[in-house]
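> Below, each chain spelled out in residue letters.
2 protein chains.
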Amino acid sequence: MTMQTPAAPAGDPVPGAPMTTYVYPFAQGDRSQQDLLGGKGANLAEMTRLGLPVPPGFTITTEACRHYLAHGHQPDGLHEQIGVNVRLLEQRTGQVLGDADNPMLVSVRSGARFSMPGMMDTVLNIGLNDRSVAGLAERAGNEHFAWDSYRRLIQMFGKTVLGLPGEEFEHALDRVKKQADVATDVELPVASLRDLVDAYKEIVRQDSGRDFPQDPQEQLMLAVEAVFHSWNTDRARLYRRQERISHDLGTAVNVQVMVFGNAGPGSGTGVAFTRDPGSGARGEYGDYLPDAQGEDVVAGIRNTLSLQVLQELDPTSYAQLTDIMNRLELHYRDLCDIEFTIERGRLWMLQTRVGKRTAAAAFRIAVQLVDEHVISMDEALLRVTGHQLSHLMFPAFVTDGDHRCIARGMNASPGAAVGRVVFDSKTAVSWAKGGQQVILVRRETNPDDLEGMVAAAGILTSRGGKTSHAAVVARGMGKTAVCGAEALDVDTKARRMTTEAGLVISEGDLLSIDGSTGEVFLGEVQVKDSPVVRYFEAGLEAAVEGVDEATAELVRAVDRLMRHADAKRRLRVRANADTPEDAARGRRMGAEGIGLLRTEHMFLGERRTYVERLILAESADERESALTALLPLQRKDFIRILEAMDGLPVTIRLIDPPLHEFLPDLTELSVRVAVAEAKGEHAEAELRLLQAVQRLHEQNPMLGLRGVRLGLVLPGLFALQVRAIAEAACFRQRMGGDPQAEIMIPLVGSIQELELVIDEASRVLREVGDANGCTLRFPIGTMIELPRAALTAGQIAGAAEFFSFGTNDLTQTTWGFSRDDVEAAFFSAYLEKGVFGVSPFESIDREGVGELVRIAVEQGRATRPGLHCGVCGEHGGDPDSVHFFEGVGLDYVSCSPFRVPVARLEAGRAVVERSVSGSDSR
Amino acid sequence: MTMQTPAAPAGDPVPGAPMTTYVYPFAQGDRSQQDLLGGKGANLAEMTRLGLPVPPGFTITTEACRHYLAHGHQPDGLHEQIGVNVRLLEQRTGQVLGDADNPMLVSVRSGARFSMPGMMDTVLNIGLNDRSVAGLAERAGNEHFAWDSYRRLIQMFGKTVLGLPGEEFEHALDRVKKQADVATDVELPVASLRDLVDAYKEIVRQDSGRDFPQDPQEQLMLAVEAVFHSWNTDRARLYRRQERISHDLGTAVNVQVMVFGNAGPGSGTGVAFTRDPGSGARGEYGDYLPDAQGEDVVAGIRNTLSLQVLQELDPTSYAQLTDIMNRLELHYRDLCDIEFTIERGRLWMLQTRVGKRTAAAAFRIAVQLVDEHVISMDEALLRVTGHQLSHLMFPAFVTDGDHRCIARGMNASPGAAVGRVVFDSKTAVSWAKGGQQVILVRRETNPDDLEGMVAAAGILTSRGGKTSHAAVVARGMGKTAVCGAEALDVDTKARRMTTEAGLVISEGDLLSIDGSTGEVFLGEVQVKDSPVVRYFEAGLEAAVEGVDEATAELVRAVDRLMRHADAKRRLRVRANADTPEDAARGRRMGAEGIGLLRTEHMFLGERRTYVERLILAESADERESALTALLPLQRKDFIRILEAMDGLPVTIRLIDPPLHEFLPDLTELSVRVAVAEAKGEHAEAELRLLQAVQRLHEQNPMLGLRGVRLGLVLPGLFALQVRAIAEAACFRQRMGGDPQAEIMIPLVGSIQELELVIDEASRVLREVGDANGCTLRFPIGTMIELPRAALTAGQIAGAAEFFSFGTNDLTQTTWGFSRDDVEAAFFSAYLEKGVFGVSPFESIDREGVGELVRIAVEQGRATRPGLHCGVCGEHGGDPDSVHFFEGVGLDYVSCSPFRVPVARLEAGRAVVERSVSGSDSR
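Which chain is which? The protein sequence lines are V and Z, in order.
Heads up: the first sequence runs through residues 1 to 922, numbered per the working numbering.
Heads up: the second sequence runs through residues 1 to 922, numbered per the working numbering.
Bear in mind the hints are in silico, worked out from the structure with no lab data behind them.
Keep in mind it's a predicted model, so treat the numbers as computed, not measured.
Some clues are possibly wrong.
A pair counts as met if it fits within one copy or between any two copies, since identical chains are not told apart.
Claimed, not checked - No farther apart than 30 Å at their CA atoms in a straight line, the calculated lysine-lysine pairs in the DSS-like style are these:
| hint | residue 1 | residue 2 |
| --- | --- | --- |
| 1 | 833 | 356 |
| 2 | 679 | 433 |
| 3 | 159 | 833 |
| 4 | 679 | 426 |
| 5 | 201 | 159 |
| 6 | 466 | 178 |
| 7 | 493 | 426 |
| 8 | 177 | 433 |
| 9 | 356 | 528 |
| 10 | 201 | 177 |
| 11 | 493 | 433 |
Model the full assembly from the supplied sequences, consistent with the hints where possible.
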């Protein structure tokens, strides 16, 4: 053999030759292979590897699916590999797929890397046909079981593989039950089941134009391809777009020998958790249904029994089950949920995975596992989330059983709200003005309902999900909402709604809605404050006093995990606070200073008159006198806040919003003046005010004369504020305090703006310092809230002593939409279409806004090494965003006082996560 | 000597030792040293090097100035170096500075790299004192000359070096003239001049608290330091901030031996150009004033004579002067301007530099120099600018001498406007509505005048400069404006204005203003169209037919330079055009396609009713029917434009503005409805319209539901437009045309939005193509007009087939201000404070907006190599911006048809400039 014409080496793609392994028997995989085998397949392999009783089977890889979707046909060799593996199963079981005498039956289940709605789920009993049904009956000694299994196969196959509508099968079943005069399918005589099989086959023939396939191999291959196909249903694609899951992953397919929980007495099926996923209590927890197949448990046709009953029915299987669950929990080192089946006294494990749990359970279980020496405190920190912590901090209803849950919807925006039902926005506004708490009930909301949503204590809709208009807007407002409570028939014209049970609720009736659970209660349910909030407000001892043991364990778990997070975190956490009360609250919540003190509110209320004078001033003297009147008021504000945050930094933002925000609305005022004129009345003062409002009116106030621009154009305004801050700090120094003010300039776009303001501010600081004989060394820094500020951060850092990212405004300008206008107008559509996975105002847009933050930090520190950088938009309290800010190296985050604990927890988690993964959280 | 303890090497900084050369005699420098010697110093050195008769002198470097400003004192050695150089001058002249018998006098002049207002200019006659004045008188044989020179020294020294107010000197002069009963200072007897010197010395003593220094060295050193100081006057700093000139450059100081044009008959002084800087005609051009010093020419005290008169008076000096001017022009290879003095028949050159010129002169001279084999065509292209070309394209007044120029202001916004004078905005609006052309006259404008400015044909103010509110807003609107015509006394209450000469102009009088020259004429001056526009519109032959020779030469020069630019340029130039007429015009102007076709106007006029139906639609059917009605109209629009641009690309932007722009204004409508209600009238239709307007109302429409967002939220709108484009293209194909449509999606922020629209558009294109049996292969691309689009351009290029930068919107979002709101509100303040050098809407902000463009091009092409990129904001026609776009590698720029020639010229210049400098223009 010469080197010139070598034979094809082993790896070369020769058509027809099976080069790639597309099929893995369960015994060959493990749980690390979730990308290739999907979640379900990898866990089945893991259990098999552990020697647990798993019915044998194999997994067809996601790679095979990807090939199928890319080329429209199965990859070469897949058919053969499936055949080989089926024969291996046959050898193992001593049965033959679809054999007339001793048939092997298999199930086909999808199993992607991430669980995903919209994909084909399961086809059971593959291998049954007109001949093997008899063999199964004989082997099981149970004709009813065999024919029932057969009719189930045709029904599932027809619906999920052939895509036929399910109703016809349901109707046929109803007809047969009627004929046999029985109430449930379990009671159907065998003859009726045979008739039903005939009827089902006829449905398949009529609707699909083909006979139900009698060839078991064909059944199997069609089911496998149906799973592949289902990866690309509209619903699955939409879900992936929303969740930012790649369309390229594909799904795996699991083929597994059937075991039967419906094989008569001594058989059954169940689901179980290694601990209580609701409360977090120790000990196994689950449901068992004798003589049933898995789908019956889910369908809720019969009432399930607790695992304790199984212990009495079948102590051997029970002992084996609990032993396995203990092994699984130790092996997975976490709460597991499992599915199992007992076939004639023999236990089989059908699925396991790390189990979902409530927020309270997450905290309790994490700390339990630490105390059981299963995981470390670092790992425990990764097992809880800021979202869970914030859920624990919402007020909740006291569920005393006295109140009827009349409907259930999506838990669209958390919290607990009580109020009188109203059916339109106008009524909501008017009742709320009259001092009533109201719940706004609509079929669905649209932008017209905005005012009513603002006025209401809570929002309830009968249509739409978590991305509906109502849900998006309510979350944006932080308002309790339950959406898509479909059992409610809302009639806004008649001003009433009717429950499924026929209960009629009229306008004015009291209703309580739980936005954390989606429950709707009739009447007023008592709201209890969160023990976790009490812990933050009053400390551990006070919080555990007089509460039940479960609550005490929860609070102690929160305490231990918070302390661990604080020890771990690098990011400092500050609060956004405008009043001494908020400052004090932030401090109790663990804030290490104020990251954003907005000075706008200090110009509201009774002080509006001075602002009006300022705006209407026709001479420098008039303006000066208005400013002079404001000075002592501003000074008092700052003294009180610097006192509340004594010794900690207080970042004071100079006034940001446009002046006309302090004046009446242009349209309202225009109408008032025009109507007065039409009536022949004279309204000189109003007319003058109108002229000022017209002069200051802007098409796009968000993009107008505000922030540093206002400070540069309106003489004396910024100087007044700086003077008030300086005098307040001097006063606090004289009183023995330690005022740590920082002055922050808003809406800077260029170094030139900043330099001009710093010149003026420095002059005022010197003057006040000299006059009061005190040393004022305040850092003067800037908000980075415009793309241009981020892009020229290298220049700006030449003047700015610190950066604070205003990610709300930065999101608005980077995306070019204003929160006020778009949340109502198109955010729900965008979330539904998957343009967003989550609102960029809720969680920072890493690729766009985040990129600007990254650029600014990098360039700013290149100019001024060690430049102090923080964030003061609400993103500072968003869990995902906190991880991002940790990743780009900010020094602190600042958020509303209530979110401070969440930020502390996530800041700690982010450090641990990075040390584990070597990268950030995504 | 050992190696261990070496003597200090020559270069080491030993205190007191003059290591750095701070003073250069003219004979040692050359014109390449402008950074070190300033412009004036380098050119004096150059002339000295050429052997021209330059009075000897030396330059103190900018480095000395920088040292002085940084440390507050002169650098070590400077004093000594000045002393050495003064002694060299004394040796050369045989005179001694300030000597009683044979005094040498010197001038001190500032001379920075860039000429700059606000800096100290000149002190002449340094060296005169109570003793040397007699020596000068004796040497010159002219006592009057000597004492007049002395009093000038004290006056200039007092004003510019000691900073005393100038009026007291003026008053003293007036008093003396009165006493002597003479009209001009030339007539003053010597005794009066002696009295005047005494009076001046007394003013210095009184106002500065010190005696006028008699020591010539002290005079010199104080003058030098005064020049250093003047670098940092507020006015100089502001000018530098506005022009983006570094504060770190410093100024040089020139010290030069005095020569005297006021030394009696045979003496004189003048300024001259090597060609006519106004028209560009060949031949020397200048002014001469016998028996005078330089300042007298500028002050305009006596009427100057033409150079031709000098030829008669002093043919030798004239011949020598023209010979020198020829040498200078050949040496500098460009038009030069010079200052000269003749002292008793001897010619001295005092200054030269490349001369400023009008736009017409620039074009003519550049081509003349090519024809004279002085420069190449490439160099000629660098001698003209797009700004000059655009000046040549504005209509101009026919200056026939029949009309009186009654005042002159700043040429704030070019053009020629004629109309009736009005003095307030309201009148402007009402007269304009009545069909009158009006000129709005104000002392200065403010945002309240906006409506009137929109309505007026031109704007005239008596206060403020090129950065005043009126100037900024007028330029933004492209409206003719003359600002700061200070000779006009405007009385808006009396509705009239008065000129300096006492002429009264009342409301309604006809006025003509020239925004290109700043001239104001009484009455209606005839406006003539630009011959350069005629050249572009009708071609060279038509443009030179029947015009005078100067105009013909100009047009031919433009033609040759345009053709050269076209041959050189890499950037393609397209037009922004919405109508077939604009498209055709753009094509005549040289556009190579349409870069931006806005489809908004296609929904205006009579079609508004369909849009209203669309907006008010309460069902899908109603919406569908409105869309269906629009289809044939849109199709016809596209057919006509594709026909006008047959064979060239036409980029069609799908509808961008928010829907409510098609509805009435909220406030106006609210007032109308409220007033109707107050009067008890019923206005059902208006009320329904109001509800729609309220529903669609946005706080910040610029940041609201528009562009791609509207397309995704309003079903069928984009599909309608794509269908109309597709059907139009099919029609044009059937007619044998070559339609080259490109579909552009506006306001995209993320790849997800773009993908959704492209899916829909592709479907429509397929459908229409299939139905019409034609192949539609349109590129579908996106505007890049949001920071997020630029930041995620790498992703977006995965779907977009081209990028078009919408730099108007990108500027708005990057800076976070809307053009509508801020040009009026604070741009003039920002320009005055130097935050901007130029409005970022006029010329692209390279550091912020430009950085996003750079990022997007780079990332887009990384994903899609060769990605076609253009710009379609008005920056596409701005000269400086064109150079930037050439630099970042765009493929084309698109601008309004009128600016297409400017863009062509600058695109060519940018290529030549880069090949010369190896970098871009800044």
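> Output the numbers, in ascending order, of every earlier hint that fails for this structure.
6 and 8
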